[in-house]
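Residue numbers (the UniProt record's numbering), protein chains in the order written: chain R, 1 to 210; chain X, 1 to 113.
Just so you know, these hints were derived from the structure itself, not from any lab.
You can trust all of the hints, since none of them are fake.
Listed below are several chain R residues computed to face chain X (Cβ distance under 10 angstroms; list not exhaustive):
#1 Q75
#2 W89
#3 L90
#4 P92
#5 E94
#6 I148
#7 Y149
#8 N155
#9 V162
#10 T163
#11 V165
#12 T171
The calculated lysine-lysine pairs, modelled on DSSO-like cross-linking and capped at a C-alpha distance of 27 angstroms, are:
#13 K168/R <-> K21/X
#14 K168/R <-> K145/R
#15 K145/R <-> K160/R
#16 K66/X <-> K168/R
#17 K84/X <-> K21/X
#18 K160/R <-> K84/X
#19 K30/X <-> K66/X
#20 K168/R <-> K39/R
#21 K73/R <-> K160/R
#22 K39/R <-> K160/R
#23 K84/X <-> K73/R
#24 K73/R <-> K66/X
#25 K145/R <-> K39/R
#26 K160/R <-> K66/X
#27 K21/X <-> K66/X
#28 K84/X <-> K66/X
#29 K30/X <-> K84/X
Glycine included, each C-beta is placed from N, C-alpha and C at the ideal position.
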Amino acid sequence: MSNAATFDTRTDTAIPVESPLAYSYRRSGAPRGSGYRLKLRERAMQGHLILRGGAIVLDEAVREVLGISLPGKPQALVLDASGERSIQWLSPDEWLVIVPGGEEFPLETQLRERLGDAHFAISDVSGGQTVLELSGEAARELLMKTVIYDVHPSNFPVGKGVTTVFAKATTILRRPSEERWELVVRRSFADYCYRWLLDAGSEYGVNVEQ
Amino acid sequence: MFYIYCPYCGEHREEEEFHPKGQAHIERPKEPEACSDEEWGDYLFFRDNPRGVHHEMWVHAVGCRKFFNVTRHTVSYEILETYKMGEQPSITADSQSQAREGAAVSQQEGVRA
Chain R
1 MSNAATFDTR TDTAIPVESP LAYSYRRSGA PRGSGYRLKL RERAMQGHLI
51 LRGGAIVLDE AVREVLGISL PGKPQALVLD ASGERSIQWL SPDEWLVIVP
101 GGEEFPLETQ LRERLGDAHF AISDVSGGQT VLELSGEAAR ELLMKTVIYD
151 VHPSNFPVGK GVTTVFAKAT TILRRPSEER WELVVRRSFA DYCYRWLLDA
201 GSEYGVNVEQ
Chain X
1 MFYIYCPYCG EHREEEEFHP KGQAHIERPK EPEACSDEEW GDYLFFRDNP
51 RGVHHEMWVH AVGCRKFFNV TRHTVSYEIL ETYKMGEQPS ITADSQSQAR
101 EGAAVSQQEG VRA
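Start from the sequences, fold in the hints, and give me the full structure.
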């Protein structure tokens with residue numbers, strides 16, 4: 001076990017917690033309408049971990065602890081059977097793990113124990129970013145005018161995820177299933193991205209699920 | 001706009017995602033203490049500014065955030081190849097000029113025939 005200092009960011013103390021978009025909902029509202037073609041939903045308060053290190057060492061540990069194999073191919077995204085836990089390739093020695101909220105600290109501890117003295121780094125970035133989920137028939141159309149990356153199904157199949165530019169902000173764009181797209185944005189950009197999505201989606205009709 | 005091939009991501013990506021970082025293959029002197037002022041000054045401040053083939057370092061800033069090398073033509077801006085850090089370029093100014101001489105010779109032969 002490494003001697004890195006770790007702590008659970010979720011405490012038992014009663015502190016009011018708000019999603020990064022709580023302010024945006026109050027300020028810009030959350031439109032709900034019938035006849036919409038775009039559905040927007042925030043997957044807030046999930047656990048985000050960045051894993052860094054050698055692919056082979058990490059793969060063994062992740063497979064044992066999480067039950068998913070580490071994607072070795074560039075731009076790959078793998079999900080577990082329930083679709084709630086995912087690992088995404090970010091760079092040749094870096095992966096993003098997203099798990100349901102509250103699972104990230106036990107996972108980090110287990111991984112650290114399993115990895116022992118191997119050369120690796122695990123950072124909990126849960127507080128730094130949030131996931132916006134787009135679905136509906138107009139989701140791809142909206143991305144086409146906002147993202148510089150080619151989102152045509154031939155270039156962006158299910159199980160792919162890229163770090164790219166979304167409306168001038170750095171974003172991780174991923175496609176976990178046929179009809180869903182996920183944007184992983186920095187929490188400081190969440191309001192900006194949310195308002196951009198409302199504006200860009202107004203022509204299709206947006207429905208925001210809270 | 002360029003589509004630049006990132007050797008780490010394994011695909012072409014938009015130019016907006018990249019940043020140029022200057023001349024490639026600059027090696028820090030093994031023993032800085034043993035360098036003359038001129039050698040150290042050359043290492044720190046002086047860079048090539050060729051007309052033609054130039055090897056540069058670029059970073060995939062929005063993306064995998066890895067540095068890699070680009071061989072670029074400074075007149076036509078054409079990117080001739082990209083390769084990972086620590087690798088050697090397959091296209092150099094010498095190989096380009098040899099290819100051009102070869103082409104010129106065959107053209108002359110063509111005229112003669």
